[in-house]
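Take the sequences, apply the hints, and build the full model.
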Amino acid sequence: MEAIREWQAYAYFFFTVFLVVMLYGYILHLYRAEKKGTRDYEKYGKLALDDELTDAPVEVNETRENEKNENKEQS
Amino acid sequence: MQNAALEYDYTVAKWFTYLAIIFGIVGMVIGTYIAFELAFPGLNELFGQYGTFSRLRPLHTNVVAFGFTLSGIFATFYYVGQRTLKVSIAESKFVHGVAKLHFWLYFILAACLVVSELLGITTSKEYAEMEWPMDVLTVVVWVLWGMAMFGLIGMRREKTLYISMWYYIATFLGVAMLYLFNNMEVPTYLVTGMGKWYHSVSMYAGTNDALVQWWYGHNAVAFVFTVPIIAMIYYYLPKESGQPVFSYKLSLLSFWGLMFVYLWAGSHHLIYSTVPDWMQTMGSIFSVVLILPSWGSAINMLLTMKGEWNQLKESPLIKFMVLASTFYMLSTLEGPIQSIKSVNALAHFTDWIPGHVHDGTLGWVAFMIIAGTLHMAPRFYKREIYSKKLMEMQFWIQTTGIVLYFSSMWIAGITQGMMWRAVDQYGNLAYSFIDTVTVLHPYYTIRGIGGFLFVIGLFMWAYNFFKTMTSDKVLDKEPAFASPMGA
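Chains as they are written, first to last, in our numbering: chain A, 1 to 75; chain B, 1001 to 1487.
No lab work stands behind these hints: they were computed from the structure.
Any given hint could turn out to be false.
In silico lysine to any residue, SDA-like type, Cα no more than 20 Å apart, as pairs [unchecked claim]: (1) B:Lys1159 to A:Asp51; (2) A:Lys43 to B:Trp1166; (3) A:Lys35 to B:Leu1250; (4) A:Lys43 to B:Phe1246; (5) B:Lys1388 to B:Ser1315; (6) B:Lys1477 to A:Asp51; (7) B:Lys1093 to A:Arg64; (8) B:Lys1477 to A:Asp55; (9) B:Lys1159 to A:Leu49; (10) B:Lys1159 to A:Tyr12; (11) A:Lys36 to B:Leu1250; (12) A:Lys68 to B:Glu1007; (13) B:Lys1341 to A:Tyr12; (14) A:Lys46 to B:Ala1482; (15) A:Lys68 to B:Arg1157; (16) B:Lys1159 to A:Val60; (17) A:Lys46 to B:Pro1244; (18) B:Lys1159 to A:Pro57; (19) A:Lys46 to B:Glu1091; (20) B:Lys1159 to A:Glu59; (21) A:Lys46 to B:Ile1291; (22) A:Lys72 to B:Ser1315; (23) A:Lys46 to B:Glu1308; (24) B:Lys1159 to A:Asp55; (25) B:Lys1159 to A:Thr54; (26) B:Lys1159 to A:Asp50; (27) A:Lys46 to B:Ile1299; (28) A:Lys68 to B:Lys1477; (29) B:Lys1159 to A:Glu67; (30) A:Lys68 to B:Gly1151; (31) B:Lys1093 to A:Lys46; (32) B:Lys1093 to B:Arg1156; (33) A:Lys68 to B:Leu1006; (34) A:Lys72 to B:Lys1388.
With the Cβ distance kept under 10 Å, some of the chain A side facing chain B (calculated, not the full set) [unchecked claim]: (35) Phe14; (36) Val21; (37) Tyr26; (38) Leu53; (39) Asp55; (40) Pro57.
Where is the CB? At the ideal position from N, CA and C, for every residue including glycine.
Structure, rendered in structure tokens:
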């Protein structure tokens, strides 16, 4: 019984540290990606506002575009 | 050029909206009736076996959770999904057909559920009362929803999935996993030749059954009452107010936080029961941690209104959504408090629990579905919302109803808990059970009145919605942001 309690304590400590690292790591990742210019997360907020079929996509889904072009070429 | 003639197709979204309105009224009329039954027990005898509390209570919970709420979720998904992915469901006959089949099978399933519950056919597992044939149909309905969802995603013009879509996908995956594991059951007739053909017993026994049941039960709250409702508010509040979400990064962080933490909190339903102590503690701790991602989303929504708070005064739709967000904060603070062991010792099995559930479901879930459907109405029918005044009245009547509901249940619950625990100088219980019932009678009556007010509001919602369909104030084009409303 004592051994189990000891393991529980180690596991508790490990998971607390692990989850804190994961949490702050993800926050850091989000801000770093924005600072480096690899991604601008805030522009995705526009997805809800500019949502008409005629609005230009925030980022075009190229897979769909490529498929459309391929279909055109075939026909 | 191809897009010029193309329009979003709202057929399935409309159908699900009608169902949400019908199930909302049916489920909450039953809820109000059984609330009055608790205050005035004579009401139990009015309709024979079909009117008793024990028969109607599961019908109430199932109709509001799996009738009203799920219909609202599906209606908003078929609207928000198309718009944020920038694809019309009508572009694929197959996906559109799947969506329509999804609706009709869901409708048949819901009808079977209502009839079977009324007849008293149930597995007796809370929120998982359907017998195995209906469980099989549920799986089919769910798979069809998944096909429609991923079909739409596959056709999308927009590369990135908006945060609402993440939440809808999580709802699909979360419920699929929970439902399958909790409803593992043995059809008794097929296996042993005993009992009715539709009867089944759980595959788990004793404490294991309780653990799986509450892992499911609590996460049904997570993936039916929370996750898809957050999907709604992340779309409808920014769209109606014309303000982009305050912090998209915070929405992502809250999403992963909620996904990770929620699944561990279910064992708080089993504190001081026969499940291992460490599991009870874990449920407690994760429930408290859950405040962070929940408030992350709620605060993000409130901050989205930064600089635009005048809209709260001007638009009843914004009122519904801001108050929904506020009730979400209240409810997600109250829940963790109740799951702290020492508080749970007082709160468990008392009326404080349904009080907590209802400030969440009425204030958060129902308000968001009401706001979502009324936002969609002018887009569905290219007409103004029939009456702003009626919506304002509905908002205040329902808010009063919710306040009466939860405040009476707080007082009743804590009174009840204190009376159950009270002992005299020799350690004997100070009160018998009937003493508590007598004391609680006025609060039960107030709760019934609160529910009644909420139901009045639902009829106003239905009236406003159906009058919008036939309103003569036709719009030239779809409104971009704030929904136009008649006086």
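Right, here's what the structure says about each hint:
no. : hint                   : result
1   : B:Lys1159 to A:Asp51   : holds, 13 Å
2   : A:Lys43 to B:Trp1166   : holds, 16 Å
3   : A:Lys35 to B:Leu1250   : holds, 16 Å
4   : A:Lys43 to B:Phe1246   : holds, 11 Å
5   : B:Lys1388 to B:Ser1315 : holds, 8 Å
6   : B:Lys1477 to A:Asp51   : holds, 14 Å
7   : B:Lys1093 to A:Arg64   : holds, 17 Å
8   : B:Lys1477 to A:Asp55   : holds, 15 Å
9   : B:Lys1159 to A:Leu49   : holds, 16 Å
10  : B:Lys1159 to A:Tyr12   : violated, 40 Å
11  : A:Lys36 to B:Leu1250   : holds, 19 Å
12  : A:Lys68 to B:Glu1007   : holds, 19 Å
13  : B:Lys1341 to A:Tyr12   : holds, 19 Å
14  : A:Lys46 to B:Ala1482   : holds, 16 Å
15  : A:Lys68 to B:Arg1157   : holds, 11 Å
16  : B:Lys1159 to A:Val60   : holds, 5 Å
17  : A:Lys46 to B:Pro1244   : holds, 6 Å
18  : B:Lys1159 to A:Pro57   : holds, 8 Å
19  : A:Lys46 to B:Glu1091   : violated, 24 Å
20  : B:Lys1159 to A:Glu59   : holds, 5 Å
21  : A:Lys46 to B:Ile1291   : violated, 27 Å
22  : A:Lys72 to B:Ser1315   : violated, 47 Å
23  : A:Lys46 to B:Glu1308   : holds, 17 Å
24  : B:Lys1159 to A:Asp55   : holds, 14 Å
25  : B:Lys1159 to A:Thr54   : holds, 15 Å
26  : B:Lys1159 to A:Asp50   : holds, 14 Å
27  : A:Lys46 to B:Ile1299   : holds, 19 Å
28  : A:Lys68 to B:Lys1477   : violated, 29 Å
29  : B:Lys1159 to A:Glu67   : holds, 14 Å
30  : A:Lys68 to B:Gly1151   : holds, 16 Å
31  : B:Lys1093 to A:Lys46   : violated, 29 Å
32  : B:Lys1093 to B:Arg1156 : holds, 15 Å
33  : A:Lys68 to B:Leu1006   : holds, 16 Å
34  : A:Lys72 to B:Lys1388   : violated, 49 Å
35  : Phe14                  : violated, 14 Å
36  : Val21                  : violated, 14 Å
37  : Tyr26                  : holds, 6 Å
38  : Leu53                  : holds, 5 Å
39  : Asp55                  : holds, 7 Å
40  : Pro57                  : holds, 5 Å
Hints 10, 19, 21, 22, 28, 31, 34, 35, 36 from the earlier list are contradicted by this structure; the remaining hints agree with it.
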